[in-house]
Amino acid sequence: MKPTFALIRTSAGTSPVAIALGVAILAGLFLFPNFVQSPYALHIMILFFLSTIQGEAWNIIGGYTGQYSVGHAAYFGAGAYTTMILMQYKQIPPWYGMLAGIGVALVVSLIIGSICFRLRGPYFVLASIAVAEIMRLSAMNLKDITNGAEGILITEIPVFKIGETIVTDFLSKVPFYYIGLVIALITILVTWMVQNSKLGYYFQAIREDQDAAHSLGISLPIYKNIALALSAIFTSLSGSFYAVYIGFIDPPTVLALDISVQIVLICIIGGIGTIWGPVIGAMVLVPLSEALRSNLIAQMIFKTGLTSEESGIGTFLKENLAHAHALIYGILVVVVILFMPDGILGWVKKLTAKKGRG
Amino acid sequence: MTVLLQSLISGILIGGVYALIGIGLTIIFGVMRVINFAHGDILMVGMYMTYILFTSLGIDPFVSIVITIPLMFLFGAFLQKLFINRMQGALPQNQILLTIGLGLIMSNTMMLIFTSDYKILSTSYSSESFNVAGISISSPLAISFLITAAITLLLYWFLLKTDTGQAIRATAQDREAAQLMGINVRWMSILAFGIGSALAGTAGALISPTYYIFPQIGGIFTLKAFVITVLGGMGSIVGATLGGVIIGVAESVSAVYISSGWKDVVVFVLFLLVLLFKPAGLMGKSRM
Amino acid sequence: MMKRGFVFVLAFCLALPGISLAANVKIGFINSITGPEAPIGENLTNGVTLAIEDLKKKGIDVQLLKEDDTGKPQISMSAMEKLAGQGVSGVVGPYTSACANAVAKLAEKYKVPLLVPAAAKEEITRQHLKYVYRLNAPADQYASSLIDAALAMGKPKTVAFIYENTDFGTSTTKTAKEYVAKKGIKVVADESYSKGSPDYRSTLTKIKAQKPDLVFMVSYVADAILLMRQSREIGLQPQAFLGGGAGFTTVQFAKEKEISNNVFSTTQWTDDVNWPGAKDFFNRYKSKFGKEPTYHAACAYQAMLIMAETASKNGGDREKTRAGLKSGSWKGIMGDTKFEDYDGFTNQNKHQMLILQIQNGQFETVFPIKFASKKPVFPFPKWK
Numbered sequence: 312m313k314p315t316f317a318l319i320r321t322s323a324g325t326s327p328v329a330i331a332l333g334v335a336i337l338a339g340l341f342l343f344p345n346f347v348q349s350p351y352a353l354h355i356m357i358l359f360f361l362s363t364i365q366g367e368a369w370n371i372i373g374g375y376t377g378q379y380s381v382g383h384a385a386y387f388g389a390g391a392y393t394t395m396i397l398m399q400y401k402q403i404p405p406w407y408g409m410l411a412g413i414g415v416a417l418v419v420s421l422i423i424g425s426i427c428f429r430l431r432g433p434y435f436v437l438a439s440i441a442v443a444e445i446m447r448l449s450a451m452n453l454k455d456i457t458n459g460a461e462g463i464l465i466t467e468i469p470v471f472k473i474g475e476t477i478v479t480d481f482l483s484k485v486p487f488y489y490i491g492l493v494i495a496l497i498t499i500l501v502t503w504m505v506q507n508s509k510l511g512y513y514f515q516a517i518r519e520d521q522d523a524a525h526s527l528g529i530s531l532p533i534y535k536n537i538a539l540a541l542s543a544i545f546t547s548l549s550g551s552f553y554a555v556y557i558g559f560i561d562p563p564t565v566l567a568l569d570i571s572v573q574i575v576l577i578c579i580i581g582g583i584g585t586i587w588g589p590v591i592g593a594m595v596l597v598p599l600s601e602a603l604r605s606n607l608i609a610q611m612i613f614k615t616g617l618t619s620e621e622s623g624i625g626t627f628l629k630e631n632l633a634h635a636h637a638l639i640y641g642i643l644v645v646v647v648i649l650f651m652p653d654g655i656l657g658w659v660k661k662l663t664a665k666k667g668r669g
Numbered sequence: 111m112t113v114l115l116q117s118l119i120s121g122i123l124i125g126g127v128y129a130l131i132g133i134g135l136t137i138i139f140g141v142m143r144v145i146n147f148a149h150g151d152i153l154m155v156g157m158y159m160t161y162i163l164f165t166s167l168g169i170d171p172f173v174s175i176v177i178t179i180p181l182m183f184l185f186g187a188f189l190q191k192l193f194i195n196r197m198q199g200a201l202p203q204n205q206i207l208l209t210i211g212l213g214l215i216m217s218n219t220m221m222l223i224f225t226s227d228y229k230i231l232s233t234s235y236s237s238e239s240f241n242v243a244g245i246s247i248s249s250p251l252a253i254s255f256l257i258t259a260a261i262t263l264l265l266y267w268f269l270l271k272t273d274t275g276q277a278i279r280a281t282a283q284d285r286e287a288a289q290l291m292g293i294n295v296r297w298m299s300i301l302a303f304g305i306g307s308a309l310a311g312t313a314g315a316l317i318s319p320t321y322y323i324f325p326q327i328g329g330i331f332t333l334k335a336f337v338i339t340v341l342g343g344m345g346s347i348v349g350a351t352l353g354g355v356i357i358g359v360a361e362s363v364s365a366v367y368i369s370s371g372w373k374d375v376v377v378f379v380l381f382l383l384v385l386l387f388k389p390a391g392l393m394g395k396s397r398m
Numbered sequence: 037m038m039k040r041g042f043v044f045v046l047a048f049c050l051a052l053p054g055i056s057l058a059a060n061v062k063i064g065f066i067n068s069i070t071g072p073e074a075p076i077g078e079n080l081t082n083g084v085t086l087a088i089e090d091l092k093k094k095g096i097d098v099q100l101l102k103e104d105d106t107g108k109p110q111i112s113m114s115a116m117e118k119l120a121g122q123g124v125s126g127v128v129g130p131y132t133s134a135c136a137n138a139v140a141k142l143a144e145k146y147k148v149p150l151l152v153p154a155a156a157k158e159e160i161t162r163q164h165l166k167y168v169y170r171l172n173a174p175a176d177q178y179a180s181s182l183i184d185a186a187l188a189m190g191k192p193k194t195v196a197f198i199y200e201n202t203d204f205g206t207s208t209t210k211t212a213k214e215y216v217a218k219k220g221i222k223v224v225a226d227e228s229y230s231k232g233s234p235d236y237r238s239t240l241t242k243i244k245a246q247k248p249d250l251v252f253m254v255s256y257v258a259d260a261i262l263l264m265r266q267s268r269e270i271g272l273q274p275q276a277f278l279g280g281g282a283g284f285t286t287v288q289f290a291k292e293k294e295i296s297n298n299v300f301s302t303t304q305w306t307d308d309v310n311w312p313g314a315k316d317f318f319n320r321y322k323s324k325f326g327k328e329p330t331y332h333a334a335c336a337y338q339a340m341l342i343m344a345e346t347a348s349k350n351g352g353d354r355e356k357t358r359a360g361l362k363s364g365s366w367k368g369i370m371g372d373t374k375f376e377d378y379d380g381f382t383n384q385n386k387h388q389m390l391i392l393q394i395q396n397g398q399f400e401t402v403f404p405i406k407f408a409s410k411k412p413v414f415p416f417p418k419w420k
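Residue numbers (our numbering), protein chains in the order written: chain A, 312 to 669; chain B, 111 to 398; chain C, 37 to 420.
Warning: the hint list may mix true and false statements.
Here are the computed lysine to any residue pairs in the SDA-like style, where the Cα-Cα straight-line distance is at most 25 Å [said to hold, decoys possible]:
id: 1; chain 1: C; residue 1: LYS166; chain 2: C; residue 2: GLU400
id: 2; chain 1: C; residue 1: LYS92; chain 2: B; residue 2: ILE169
id: 3; chain 1: C; residue 1: LYS145; chain 2: A; residue 2: ILE403
id: 4; chain 1: C; residue 1: LYS374; chain 2: C; residue 2: GLU144
id: 5; chain 1: C; residue 1: LYS356; chain 2: C; residue 2: LYS374
id: 6; chain 1: C; residue 1: LYS145; chain 2: A; residue 2: LEU342
id: 7; chain 1: C; residue 1: LYS420; chain 2: B; residue 2: LEU115
id: 8; chain 1: C; residue 1: LYS327; chain 2: C; residue 2: GLU355
id: 9; chain 1: C; residue 1: LYS219; chain 2: C; residue 2: PRO415
id: 10; chain 1: C; residue 1: LYS418; chain 2: B; residue 2: ILE169
id: 11; chain 1: C; residue 1: LYS291; chain 2: B; residue 2: ILE169
id: 12; chain 1: C; residue 1: LYS222; chain 2: C; residue 2: ASP249
id: 13; chain 1: C; residue 1: LYS213; chain 2: A; residue 2: ASN452
Quick caveat, the hints were computed from the structure, so don't treat them as lab data. For clarity, every value in this text was computed on a predicted model and none was experimentally measured.
Model the full assembly from the supplied sequences, consistent with the hints where possible.
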């Protein structure tokens, strides 16, 4: 049994402190919109849920099964486009469109799986990129269906009713907050169930040694495809959710290669093949990119009085830190990969293990 | 007929430059088994180097490769020694992410220095062309094709006839066996990354007079380089040469007979077909 | 330097106590500072910087909250949300159509006046949004004004389109196609390309085989130069090359005399047009930033002036500022500005597009006649 299992077991199973903490965090998350009304804060939380869903979904195929897809934008885009096309041109509300999106993503995943799973290692990575690129270019060129580069914009989301009671009209961010939270929790739960099931055992066997797994009678194509399908379902959900929330999609924003890379990064930076890795990855990356982008860091430096806004260094920082955010992102990736190859979670575990021993 | 011939010729000329990019990637992969996602960004660095040499010192882009090649070699060797080397034998996804991270650093550093303006290098011959039997051929593209061919031949000679070249090939074929034979594998890796980077940088220099430069240009070429190397067979130099020309022609011909919007799809479909039906690529595996 | 400016403003405010009351306004500015759109974004930033200086001279001290949207709609939305929460009186931006479109809905939701300076997508001001204003002319104007100019000069029968497969490229081409259909011109080629393809020769060869009377291109600067270079290489020879905005109106393009001469293009702004302050803006911009301003810079400059002045006049109140934008009219470097409702547009400035032709490396306004500085050269002379 891997140490990751042990940690999850303790945090989710035995220790009462951990249970209490978990319940408190969960309650806090559900009550959050009651205390914080700032749409900006809610927006950041929604982005955090979105990243968690993406990272956790990738984790199933990339983390547990060891198939490093760098083409997850394909499923993200499939969900986003299906939902938006149905809503815009057929007036089908997004909660049905989301299901249709899952259907489309499953079909896409089966096609991709049947092509790409014949390949291993780097070839699989490249094939997954190629398929996602074909999807992006097709969305660009099939103007009659996707509206091409102009993208699809929705201005109104239909009101969600159960019977005659209006549940929500989607005018504020709160419904999106709860939808994001619930999908994120379901994704985490499913990953947890997978990890602790026979399925998860097969997945990990494939990751550790494909040939050995095969000789134990584990059918590689079947289980790889199951893992990919599970991953595709949740990535597609995140795509639908994103599309409806933002209200605008076009090929570069939902099908581009950097979306795929971003999804992988969430997982790798947090800790691959663990339940909480993607959550931590999202928790680090979302605020970090937001802080870098909005020049929060330069402002913090001014507040601490290290240098003033008017001084030479101050102006330099103000002008360049915002420009440099992608640079800092790149440096972060390199540092994490070089010094924390198991992600932040793995690094923390190693530290605590050392302390425990010493 | 002229249309077909015209697109074939343009495809072959551009394909020559693609080949150079592909050869660089294939050498790096062959020796180190690392897929270099920063390959296009290295090419971009080469382009900026050419740009500086041209604008501040007035050195012609085609002449400047004498400076670009050694500098880019050192740059690649430095990257290998400092970063990639630590990842030898690490999980492939971590290697990929490391190179993605390095690519991000390169492109964004360039953006801080040069801003993200498009730089156009206008030489006196940038839009020169000559006619052969009614088909117009771009002069700078023709020159760069000849230089590419010369460099490729030189590289073949180096890998086939020199001791170092043979050591690189041996490392590519079987790293452990090469080590047992007393080959300094670490040194070969540095050499391979250096040569790969120098080739990418040269390709950047050669297309500068007919193309444009901006910090994010790398991604386009990274993807192309992958397609080319897989098509030819990862690790095969002859394959990469062939792959480059095939991709150049495929793009150019499909732009005419299908549409320019779909030409990249054609390239990727071709790529998937090769992966599926001849995964070792056109020229087999690891034979340099 | 900064101190002196401050003292100057202080003195100015003291001298005119009436203005100092309206002094401090908080304005948001969303722009693509990094990311793929950054090269153009920079022009907007510079334009706004000049506007802030000028506002200071007028006694309006703008507290500018700059936000980078990196060219991505979701990021521009979080920027807008942040600005709304920080109590800005109004927002200028974002640059790209996709971002402006996404932010427009939010502006309406939070009741923050938004002035879009340079995004061309028609839909932005076609959604009946009360809080969304646009200074520049929308994409349909690009195409129709160019085609009209071509029809005024000759009798073109066929047209070939080649355009970048971005929102701007496709939507401009779409309206152009609708417009030429009305005018009875036949479309003989319709080719989109993705940015960064090094070789357009085969596409251009295909177009050449169709012998079009007009070649209509929509590209950013680098591709504009590449397309014209390669057109010359293969000898594409229509009656006129029409460049739909963007790259064809840049100085960098005009400088490539060999290939850019006699190409027509359309723009929102030039320095030689007789709108008040245009030339002066050009000179100051050039001496401050070391390069010549694009129309984006002029649009952003004027948009910031309008927004800050209106907000300042209304004491920073969002609702009053919105009403002020609706009722006001301005005369400045973008000519006459007024936000009107017409042809399905809401709060859209009926901006006059200018038709330019490059002659000897210089942009000359050739249409409309009342702004023209030179006569057009037509048809396109044989390539040398």
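Outcome of the hint check:
This hinted pair does not check out: LYS166(C) and GLU400(C) have alpha carbons roughly 37 Å apart, beyond 25 Å. For the given pair, LYS92(C) sits about 46 Å from ILE169(B) by alpha-carbon distance, which is inconsistent with the 25 Å threshold. With a CA separation close to 24 Å, the supplied pair LYS145(C) and ILE403(A) stays within the 25 Å bound. With a C-alpha separation of about 20 Å, the suggested pairing of LYS374(C) with GLU144(C) holds against the 25 Å cut-off.
Between LYS356(C) and LYS374(C) the CA atoms are separated by roughly 17 Å; this keeps the pair inside 25 Å, and the hint holds. Proposed proximity of LYS145(C) and LEU342(A) is supported: the alpha carbons are some 24 Å apart, at most 25 Å. Under the criterion of a C-alpha separation no larger than 25 Å, the hint pairing LYS420(C) with LEU115(B) is consistent with the structure, at around 23 Å. Only pairs whose Cα atoms come within 25 Å are accepted, and LYS327(C) paired with GLU355(C) is rejected, the gap being roughly 38 Å.
Only pairs whose Cα atoms come within 25 Å are accepted, and LYS219(C) paired with PRO415(C) is accepted, the gap being roughly 19 Å. The hinted pair formed by LYS418(C) and ILE169(B) fails the criterion: a straight-line CA distance of about 33 Å is larger than 25 Å. Straight-line distance between C-alpha atoms of LYS291(C) and ILE169(B) comes to about 21 Å, which keeps the hinted pair within the 25 Å bound. For the hint pairing LYS222(C) with ASP249(C), the CA-to-CA distance comes to about 10 Å; that is within 25 Å, so the pair holds.
Restraint check for LYS213(C) and ASN452(A): the C-alpha separation of about 17 Å stays at or below 25 Å, so the hint holds.
Going through the hint list in order, the structure does not satisfy hints 1, 2, 8, 10.
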